[in-house]
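Read in order, the letters of the sequence shown are residues 1 to 315 in my numbering.
What the hints contain is simulated information worked out from the structure, not anything from laboratory work.
A virtual CB, placed ideally from N, CA and C, is assigned to each residue, including glycine.
Mixed in with the good hints there might be a few duds.
[Unchecked claim] Subject to a maximum C-alpha distance of 30 angstroms in a straight line, what follows is the list of computed DSSO-like cross-link-like pairs (lysine-lysine):
1. Lys-165 / Lys-94
2. Lys-302 / Lys-165
3. Lys-302 / Lys-257
4. Lys-76 / Lys-41
5. Lys-257 / Lys-101
6. Lys-178 / Lys-260
7. Lys-115 / Lys-260
[Claimed, not checked] Ranges of calculated distance between the beta carbons of each label pair, as one might list FRET restraints:
8. Leu-131 / Gly-23: 21 to 29 angstroms
9. Arg-8 / Ser-81: 18 to 26 angstroms
10. Lys-257 / Lys-101: 25 to 33 angstroms
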Amino acid sequence: MMELINNRGMRDWMIFIKVAEVGNLSRAARELDISISAVSKSLSRLENSIEVTLLRRDSHHLELTGAGQTAYASMKRITSSFQSLLDELRNPDKIIRGSIKFSAPAIVCEFLANKWIWEFTASYPDTKIYLDSRERSDFFSKSLEFDELVFKSGIIESEDLVYRKISPLKLVLCASPKYIRKYGRILHPGDLENHIIVGLHNHGLSGPLTLFRQDESYTISGAVNVHLSSNNLLSVLNLVLEGKGINLMTPAWLATKYLKNNELEIILPEWRVPDLPIYLVWRHRQYYSPLFQRFLSFIEDKWNNRPQIDFLNDD
1 MMELINNRGM
11 RDWMIFIKVA
21 EVGNLSRAAR
31 ELDISISAVS
41 KSLSRLENSI
51 EVTLLRRDSH
61 HLELTGAGQT
71 AYASMKRITS
81 SFQSLLDELR
91 NPDKIIRGSI
101 KFSAPAIVCE
111 FLANKWIWEF
121 TASYPDTKIY
131 LDSRERSDFF
141 SKSLEFDELV
151 FKSGIIESED
161 LVYRKISPLK
171 LVLCASPKYI
181 RKYGRILHPG
191 DLENHIIVGL
201 HNHGLSGPLT
211 LFRQDESYTI
221 SGAVNVHLSS
231 NNLLSVLNLV
241 LEGKGINLMT
251 PAWLATKYLK
261 NNELEIILPE
271 WRVPDLPIYL
281 VWRHRQYYSP
291 LFQRFLSFIE
301 DKWNNRPQID
311 FLNDD
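Produce the complete structure using the sequences and hints provided.
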C-alpha cells in the first residue's frame, strides 16, 4: 500500500502502523523497503506533528504508549478504509483479484484449506491467498488476524467483530482396533476411567466433556488416565492410530477416512458428543472487496460440504 500513498502524513501513519505490528524498526524498514533512518525520521515527524508520544524506544526495546495503542487501533481502521476506497475506485467492474489472509487451525490447513485455496486460485488466477496455520486459541478482539478472515470456534464479545456461523464440528470418540483388542471394548462412559486417554489442551476441543444418550447424560471426570496431552490434534490422532490410547473428541471429518479403512472404530456410538460451533470471523468494515466476498462464500460452502461419514449426517 505504501506505493499508493503520496501524502506524507498518510505515509507516516502507515510506517507507524507497520512498526507497531512488527515491534522492530529494522524489520519494519525491510518490509517497507525503506531505510531504518527513514523509518526513524518518519516516526519523529509524526510525533512532532501531533505533539504526542506514540512509542517508547531505545536501542533494544520498543513499545506503544497508551496514546500509541489508541492511535494504532483507529489508524488501522482508517487506512484499511482508504485502501478499500482505492480498490473500489480502481475496480468498478468488481473483478475478483488481489490478496487476502486466511487463518485457521493447523489441522484444517493441513487437510482441507490448502486444497480449497488451490482450487480457488485456479478459478481466480489474479488472486493470492496467504494461509496462516495456528494452534493458539488466545485471540482477543484486537488480534491482527481479524483484519482479514479467521476460522475459529467460540465468540469473542466485541462490536468490531462480525461472525458468520457455519456448519458445526461433529465429534466422535474413537480408538484403533488394535487398542480395543488389547484393552477390551468400552460399554459405558464410566469405563473410560480405566482406559488410556490421549488428551488435548489449549484448543477448541479441550475442557470437560459431557456425553448424551437420549435423556441420559454422563460427564467424564478429571480422573481419566491421560498420559499425554497436546495442543496439536494430528499428533494425538497419530498416537490413537498406533493403538496407544483413545481420543474423546476427534473431528468426524478427520476420522472419516480412517473409519472407512477400518483403522479406527467409533466407541460408545450410542452416546452423542455435543457439536462444536464454528464461525468465520472478521472485523467490521465499511467496504468489502469482491475478493473478500467471494472467498468468504467459497470457504463457507467448502466447509459446509466437507466429507462426513454417512451415519453422522443426521442434521
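Hint check results:
{"no.": "1", "hint": "Lys-165 / Lys-94", "verdict": "holds (26 angstroms)"}
{"no.": "2", "hint": "Lys-302 / Lys-165", "verdict": "holds (14 angstroms)"}
{"no.": "3", "hint": "Lys-302 / Lys-257", "verdict": "holds (18 angstroms)"}
{"no.": "4", "hint": "Lys-76 / Lys-41", "verdict": "holds (20 angstroms)"}
{"no.": "5", "hint": "Lys-257 / Lys-101", "verdict": "holds (29 angstroms)"}
{"no.": "6", "hint": "Lys-178 / Lys-260", "verdict": "holds (16 angstroms)"}
{"no.": "7", "hint": "Lys-115 / Lys-260", "verdict": "holds (21 angstroms)"}
{"no.": "8", "hint": "Leu-131 / Gly-23: 21 to 29 angstroms", "verdict": "holds (23 angstroms)"}
{"no.": "9", "hint": "Arg-8 / Ser-81: 18 to 26 angstroms", "verdict": "holds (19 angstroms)"}
{"no.": "10", "hint": "Lys-257 / Lys-101: 25 to 33 angstroms", "verdict": "holds (29 angstroms)"}
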